[in-house]
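Spelled out, the chains give:
There are 4 protein chains.
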Amino acid sequence: MNSFGRVFRISIYGESHGPSVGVIIDGCPAGIAISISDFEQDLLRRKTGITGTSSRKETDIPTIQSGVFNSCSTGSPILISFNNQDTDSSDYENYQNTPRPGHADFTAMKKFNNFNDYRGGGHFSGRITIGLVAAGVIAKKIISPISIEVKLIQAEGSDDIETTVKNAKGAGDSVGSLIECRINNVPVGLGEPFFDSVESLISHLIFSIPAVKAIEFGAGFATATMRGSQCNDLIENSSGKTRTNNSGGINGGISNGNEIIFRVAIKPASSIKIPQETYNFSTKKVEELLIKGRHDSFIGVRALPVVEAAAAIALADLLLTYKNN
Amino acid sequence: MNSFGRVFRISIYGESHGPSVGVIIDGCPAGIAISISDFEQDLLRRKTGITGTSSRKETDIPTIQSGVFNSCSTGSPILISFNNQDTDSSDYENYQNTPRPGHADFTAMKKFNNFNDYRGGGHFSGRITIGLVAAGVIAKKIISPISIEVKLIQAEGSDDIETTVKNAKGAGDSVGSLIECRINNVPVGLGEPFFDSVESLISHLIFSIPAVKAIEFGAGFATATMRGSQCNDLIENSSGKTRTNNSGGINGGISNGNEIIFRVAIKPASSIKIPQETYNFSTKKVEELLIKGRHDSFIGVRALPVVEAAAAIALADLLLTYKNN
Amino acid sequence: MNSFGRVFRISIYGESHGPSVGVIIDGCPAGIAISISDFEQDLLRRKTGITGTSSRKETDIPTIQSGVFNSCSTGSPILISFNNQDTDSSDYENYQNTPRPGHADFTAMKKFNNFNDYRGGGHFSGRITIGLVAAGVIAKKIISPISIEVKLIQAEGSDDIETTVKNAKGAGDSVGSLIECRINNVPVGLGEPFFDSVESLISHLIFSIPAVKAIEFGAGFATATMRGSQCNDLIENSSGKTRTNNSGGINGGISNGNEIIFRVAIKPASSIKIPQETYNFSTKKVEELLIKGRHDSFIGVRALPVVEAAAAIALADLLLTYKNN
Amino acid sequence: MNSFGRVFRISIYGESHGPSVGVIIDGCPAGIAISISDFEQDLLRRKTGITGTSSRKETDIPTIQSGVFNSCSTGSPILISFNNQDTDSSDYENYQNTPRPGHADFTAMKKFNNFNDYRGGGHFSGRITIGLVAAGVIAKKIISPISIEVKLIQAEGSDDIETTVKNAKGAGDSVGSLIECRINNVPVGLGEPFFDSVESLISHLIFSIPAVKAIEFGAGFATATMRGSQCNDLIENSSGKTRTNNSGGINGGISNGNEIIFRVAIKPASSIKIPQETYNFSTKKVEELLIKGRHDSFIGVRALPVVEAAAAIALADLLLTYKNN
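Protein chains in written order, with our numbering: chain A, 1 to 325; chain B, 326 to 650; chain C, 651 to 975; chain D, 976 to 1300.
Since the hints were derived computationally from the structure, they do not count as laboratory data. Note that beta-carbon positions come from the ideal geometry of N, C-alpha and C, so glycine has one too. Hints are supplied without guarantee of correctness; some may be wrong.
[What the hints assert, rightly or not] Lysine-lysine pairs mimicking DSS-like chemistry, simulated, CA-CA at most 27 Å apart:
1. A:K47 to A:K141
2. B:K598 to B:K494
3. A:K169 to A:K273
4. D:K1216 to C:K942
5. D:K1022 to D:K1248
6. A:K273 to B:K566
7. C:K973 to B:K435
8. A:K323 to D:K1085
9. A:K110 to B:K466
10. A:K241 to B:K609
11. D:K1248 to C:K891
12. D:K1298 to C:K760
13. A:K110 to B:K598
14. B:K617 to B:K435
15. C:K973 to A:K141
16. A:K323 to A:K110
17. C:K791 to B:K435
18. A:K292 to B:K566
19. C:K891 to D:K1267
20. D:K1216 to B:K466
[To be verified] Derived list of chain A stretches under chain D, where covered just means 3 residues or more per stretch with a C-beta under 8 Å from a C-beta of chain D:
21. 77 to 91
22. 105 to 118
Only chain A is shown next, with the shape it has when bound in the complex:
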């Protein structure tokens, strides 16, 4: 399923080394101001990172193929596309025989009976997240004045992030990251339980981002060892402000008006410059594989606008759905 959403609906398409990648946004209300320059900042955030970023040159210029007229949304579907360029597919055919550890090479090959486009990771490439970021730019306009802030947080250990990344990169290795998202100015009442709780929709989208392995809301895993008297957030006024925020701004799957907080773990990029063992389907033996090419050692910074976009898209869908209750 390459579509998500009930009222604000996005459909994503494209492969890393195909002609283009992008997204259709359906259900965007008419009359939202949209211009190419709106996308610049988030696309730039996604393209560049502090350290360890791929040296692939992506121009990342969006083309609005439909749904915008006179610089406003028309109410019809908005297709935003990005031409692919500067691609080098030479290494990838090899990975069909020797699937890279941590990547989707093996699962994609099996699921699609070897018909998958393996070049550059195909539809499983991080390249595809550019469509999410583009849709997020529009989603953020819809949910205004709800605001979303994402940041890397120090996972643990004494080193700062830059040092950690530098050390890993020097060793030809990669490192994971921990991202925190804080959402403010949220109205009370978003969320459509039983199944479409705020946590359900956000986590559904967040786990569609490649490399995400965990999410927690509010106090998250820490609640497992809390007592109720410690975990319950006492209500302090008629607008529902709470003294603490262990619930992460969500009760019963519905926003309670406090800050929505969640944290996401992103595993280290799977492509490293250290030899790794894998099964070779040609020789039928376990062999060492050395991955070539340009690869990120650290995707945490580039993932920030993607996580932000996912949160915005989930909230836009909930907000537009909510107006009907």
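Mind docking chains B, C and D on chain A? Use the hints.
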């Protein structure tokens, strides 16, 4: 949204103190053997726990209203209902004025303009999970021989779980829990990225369970501080067996044939016997609230079959969808 | 798929001779006044007809299992159920071997590998439409002041309907019917093209009603032989009133504020008291079949509230969706 | 809603005078042979007609942006786009003030608060059907050996179609058309009642085609005046072959293995060269409007591949869904 699923679809209904609660299961293939006794064990697991369980007597006898004939599914929707009884709504009207900390009292009241059925928590009661458990019984038949095992795991600290619960209960308090789910005999290829990754569907359903605040797959949050050389699972044979399982059996959102592992944090039950402050909408002051009635101090054990059911339902939907690829 | 709708969603269940039939209505806004007596009139219209109606005694008393509290919708799913009674399944086992012409006996048997509940036609019985009628009662409250009027129209020939039905019944035969539906006070702008035009949603629901074989909007089939100068409806004022109404109140799939008009053909009831040939799967020969039991000679009158309900449900979903544009 | 389908899903986008139009096809199984030349014939059929066709030069060359690799579907979404060219938007701004009778000018303007892209009819242009035709080409590969044949049928009157069109064109007028669709080699069991009957899905898609005003299956409207003894199709053998085919190959919403037959009425093209009255929103008076530009007098022939595509898409979705029952 009280429905979930694409091909295997469930619709849940009911309030804690209404006439009945239950679930419609649509898209169940014809010819699956189903009898009332199939539900006994999981319903019993959900009803009782080791300690701290509510003393409410629920008979929890399912009635199959449709979709089963001659002890087999017919291919038509299966409605399984449970009559409510032994209910006492006397305390709940009060909570509309003084919303209980940690509960959905405030959010439900605001979202539904005070029209919500607040008795026993209404549609937000843990009572509603009985429908999930019933649907899970059928889902498990569909995904056979895929097997699901859930267990409580010691969160941290020196005490065992029983002691921890006993101490909390003695203090009129409640405690959270950590549940681990392991799924075996999973075929390679389940999951429908980009949006419907295995993690996305499972987390969507798991976060619909009241009180869940976190989920992680495989090494989960630990991957945030791992290096790629440590996190990547090396592939050892042609069926995709990996040496380690930090990915939790999922690559690129698709099952890789190894054990699927995830952990879920469940916050402590919100109803405790210790006075708590909350806002009183009548007096317009923050006041102490003392919650009466029968309430669980520990819902971890009762949550086990619910988590298991959620996993089974997500997998059944993915399995039936997958056959089409 | 036994569910329909995007924002106003219904899920139907039940078999003719099972314990109960009914419907879950999800997405009904909170605060709609609902009481049992609201359903009486439409259920009575569905149960009785001018002539040729089945002598089966259905009490048709709805039970609201959930979603209504203090006589108002709560915003949670509303399950309305009807117990079945006065059923006689004795003839139906036979029809698995000798499928009745015009019925779903053959297709249901094949599709569901003989696991279908064939008693009384099972899930394919007209009995199932009672859930549609119940959901329609609530839909009509939501779309108010939009009003729906349905009536039988004289198909052709010199006899009036009563005489036609009387003659057919006397011959042990049945007759078809033509129903016209007129919808007024429709706001401009309902309909969600490209795919969810007003015509698309209404026809989708109307063709789910057993025995419907045709639908036309406005001038319908007559437009096939019209010229544009004759067919185009000239616009007369700023609210979009048109001089003629060949479009049936819909342009480009969107309501234009004029009366929505459509006509539906319902084939004659398939069960007749005249011997018919069919294939006997036991003897493997074509043989004469004589259908026993109580059956309607004319379902046109009973179908009126069902068509009305289908129109109301489609409009309720479009109206609630539209508020988001 | 610009998406349709459960397992085989299409999302359509584009405006007549925007950069491009097209379709995303999601859920196409991997391994289907697809090349650009596969689309030629149907695109040509859509572009040209016997008489009265628009003189707009559309090159109509599809670009496959994703989802096809080494001439086979990959299992990922297939985006097929068509660049727009040879467009002239000069007349259209005017129609915002003087909406053309029979067109969506008025409804689109009102629904989207004047933000709609009105150039060339925008998203309501027949141009958009090119995406349906492209998706239909792939759908036909999936449903093979099911075959679909569409043809114009003489509506009534003594003139042949060519003469009728010629006469209308000479008078600056347009004419409607009647299309018949016959589908063979259909397996027994397609259709997902209660709501997703074969008739429901086909009619849903057919009514998304601009200008369609009516559909009937089998004997259709004629069944309204038939007796049951005349309408029922007697079953002649174990594969369900019937002597007559008044049901149009569908019983209880499920294909019965006989030919599926339906007929569709398409109203005359709304743009004619004869002055018509309409309301002028600037002058606030009813005034005569003369439509300029190139317009079809007869769209019946060009609509044939569109109707065929719609039928193929509905059947592909039902076929892929059915494998799960």
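Numbers of unmet hints, in rising order: Violated: hints 13, 16, 20.
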